[in-house]
Amino acid sequence: MNHPYRPLRLLVFWSTITLFTLVTAAAAIRLFFHQ
Amino acid sequence: MGAVIFAIFYLIALGFWLWLVGFVGSIIAVAAGGAFAFWYCAIYMKILGQVMAARHSTLSPPIKHQPSTSPAKGEKPAYRHYFSGQAWVDLRHVLSKAKDECVATFARAARRVNELWFNPDHHAAVWPFMWAAGIVSWVGLLLGIAGGTLLVLVAAAIHVMVVGLSLVMAWTAIGLLRLLDTALLRSKGIRISCPSCFKRVNYPSYDCPSATCTIRHGDVRPGRYGVLRRTCVCGTQMPTLILLGSYKLEAFCPACTKPLVSRAGTAAEIILPVFGATAAGKTRLMLAITTALDELAAEHGAVVSAADNETQREYNKLKPVLVRGEDTPRTTIALSRALSFYVAPASGARRLYRVFDAAGERFDTSERLQELQYLAIARSFILVIDLLSVNAFWDSLTKNEQERLTSVRLTFRQPEFVFQQTLQNIEVMGGTTKRGRLAVALSKADLVRGVSVLDGVEQNSDSIKALLDDRLGLGNMLRVMQQSFGRVKFFFTAAVVNQCGAVDPSIRPLINWLLRGENLQLEPAATATAIEVNS
Chain A
1 MNHPYRPLRL
11 LVFWSTITLF
21 TLVTAAAAIR
31 LFFHQ
Chain B
1 MGAVIFAIFY
11 LIALGFWLWL
21 VGFVGSIIAV
31 AAGGAFAFWY
41 CAIYMKILGQ
51 VMAARHSTLS
61 PPIKHQPSTS
71 PAKGEKPAYR
81 HYFSGQAWVD
91 LRHVLSKAKD
101 ECVATFARAA
111 RRVNELWFNP
121 DHHAAVWPFM
131 WAAGIVSWVG
141 LLLGIAGGTL
151 LVLVAAAIHV
161 MVVGLSLVMA
171 WTAIGLLRLL
181 DTALLRSKGI
191 RISCPSCFKR
201 VNYPSYDCPS
211 ATCTIRHGDV
221 RPGRYGVLRR
231 TCVCGTQMPT
241 LILLGSYKLE
251 AFCPACTKPL
261 VSRAGTAAEI
271 ILPVFGATAA
281 GKTRLMLAIT
291 TALDELAAEH
301 GAVVSAADNE
311 TQREYNKLKP
321 VLVRGEDTPR
331 TTIALSRALS
341 FYVAPASGAR
351 RLYRVFDAAG
361 ERFDTSERLQ
371 ELQYLAIARS
381 FILVIDLLSV
391 NAFWDSLTKN
401 EQERLTSVRL
411 TFRQPEFVFQ
421 QTLQNIEVMG
431 GTTKRGRLAV
441 ALSKADLVRG
451 VSVLDGVEQN
461 SDSIKALLDD
471 RLGLGNMLRV
481 MQQSFGRVKF
491 FFTAAVVNQC
501 GAVDPSIRPL
511 INWLLRGENL
521 QLEPAATATA
531 IEVNS
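So the protein sequences, as listed, match chains A and B. So the first sequence is residues 1 to 35, counted in the working numbering. So the second sequence is residues 1 to 535, counted in the working numbering.
Only chain A is shown next, with the shape it has when bound in the complex:
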């Protein structure tokens, strides 16, 4: 029986969001300290 979780899709989705957030946060921090 199939069940509704799609872990690979979920992990890729949330990892991408995490990565994007971390990169944005790092860029923001870098910009803040360079000013």
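No wet-lab data here; the hints were simulated from the structure. Misleading hints may appear alongside valid ones.
Every beta carbon over 12 angstroms from chain B, so not counted as near; a handful from chain A, in silico [said to hold, decoys possible]:
hint: 1; residue: Ala26
hint: 2; residue: Arg30
hint: 3; residue: His34
Cβ-Cβ distance ranges computed for the label pairs, FRET-style [what the hints assert, rightly or not]:
hint: 4; chain 1: B; residue 1: Ser187; chain 2: A; residue 2: Val12; range: 25 to 35 angstroms
hint: 5; chain 1: A; residue 1: Thr21; chain 2: B; residue 2: Leu184; range: 17 to 27 angstroms
hint: 6; chain 1: A; residue 1: Arg9; chain 2: B; residue 2: Val168; range: 14 to 24 angstroms
hint: 7; chain 1: B; residue 1: Glu427; chain 2: A; residue 2: Ala27; range: 53 to 63 angstroms
hint: 8; chain 1: A; residue 1: Thr21; chain 2: B; residue 2: Arg186; range: 53 to 63 angstroms
Keep in mind that this is a model prediction, so the values were computed, not measured. Note that beta-carbon positions come from the ideal geometry of N, C-alpha and C, so glycine has one too.
Using the hints provided, position chain B relative to the given structure of chain A.
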């Protein structure tokens, strides 16, 4: 002699073999060990793929929190979201399966090595050759296991990190989404209330969108049952927030389970309670206001539409009564549903205009009055006064006027009583009127027009107020009104339609004043003011 020569050759051959095994064999063993390590890694990746990508019961671990159609207390008939437990179950499952398969692979390889190099069936003379090769094979095997285990641990660590970060991100998203939704609703002044039980609704309940499922989901907001979407026990997905589109689903009141309006939570509400004595003309006025609102909207490019089927049905039933000039049916004492309309002005935000009518008998006792919960959350109110019910007014009429009007004098309940009773109960229910607006509508203006006591009374608020204060002795009630409400205005209203089917113009100033108080303007400000001043 032969034996000595054999022994010499044997030792030379053994020495060469040991050199070969030690030098070349070691290289082969290290390479084989490396390959073995990657084989381990491939096993891990294969199982990871099976569990993560191909979701099937034979390959996947069991669901940690299997939902039920009749859930236990605190549980809901929906799947918990992946990062609320299942992600760790999957991770443990992958590790455990990979470990089992790696151990089995190692056992197979070890058996092959032992069968090949440590087989006692061989002649004893070849044992040293075999053992040497066997020992080198074992070294390669152990190197492979060590390297493979290391690679698998690195892969597992990456998996753990990805799951951990995703979990943190998902729960952060849950908090942020809830915050954003609340902030958006607050900033737009959107609050949801039930048109049937009149209670404030924290968040609507929704029916599962599947045609074959009858499950109703309470509080679908992001949480352990879903971040962006909730998965019903039947497998159907639904959005978790109004912001994400849950307003498209059929919404219900979590308190009384009755249906809310369609697209609940997408427009700020204008709650308009109409109160007054029995037969004061509340229902008729409510109907006239709604019809006039429709006319006003059509003239100024706005759109008024019924927000639910009950409203459409009720309006279709009552409007012909108003048009034909017949008496509206008496409102039953039972709690009746509000009439709800969406008003979309030509520019600006759409609003949910909601008018509440209750039988006059409800205002006789506090117990019944307190069931009208909407009084506690409304900011605008309409008090309907039938002048014919005011003893001072009736006594001021001439004999002829009394004879003419006696058949339409249907109520004897004095307006002070209804007003005081309602105000008192609003305060008891926790409502506040200090910043509210009270429109006092003197109904049946078409019937009392031209009577002697109204000589010199103009169609404006101050003049009507003076009439009530000076000639009808309602000064005390007026003073309480002024003290209790932020703004009070008086109107003569005739809830009738003319021969062309248009609602009497006396209704418009009332609507304009009430809607302006709710920051909704259908008519250009200049026009609205002009009408109001002239009236």
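Worksheet item: For this structure, which hints from the list above don't hold up?
Response: 8
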